[in-house]
Amino acid sequence: MLKPLGDRVLVEILEEAEQKTAGGLFVPDSAKEKSQRGKVVAVGTGKTTDSGVKVALEVKEGDTVYFAKYGGTEVTLEGKNYSILAERDILAIVE
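Residue numbering for the sequence shown follows the working numbering, starting at 1 and increasing by one per position.
Don't read these hints as lab results, they were simulated from the structure. Quantities reported herein were computed from a predicted structural model and do not represent experimental measurements. Please note that the accuracy of each hint is not assured.
Said to hold, decoys possible - Quick list of the computed label-pair ranges, beta carbon to beta carbon: (1) 45 to 80: 21 to 29 Å; (2) 58 to 1: 20 to 28 Å; (3) 23 to 46: 25 to 33 Å.
Just so you know, even glycine gets a beta-carbon here, dropped at the ideal spot from N, CA and C.
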């Protein structure tokens, strides 16, 4: 598995359920947008300030989050899709 560094977060991308239009037509996978929701799998040690102080991340393993559409780097490991994001690319935690 990957261990993110610094203020980076490894998020498993959660695929959206099958989509249907108002008229009842199913949207094919090739026409769907990339999901912006995922589950935090691993977090880095935190951001280091200019004065050398470590600031812990606000997210933790197991959190479900929404992240920026074009943020991060996508990777595929063992058949699952992940995104490596800076904490600033995470928009919200689902409670």
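Hint numbers contradicted by this structure: As far as the earlier hints go, only 3 is violated by this structure.
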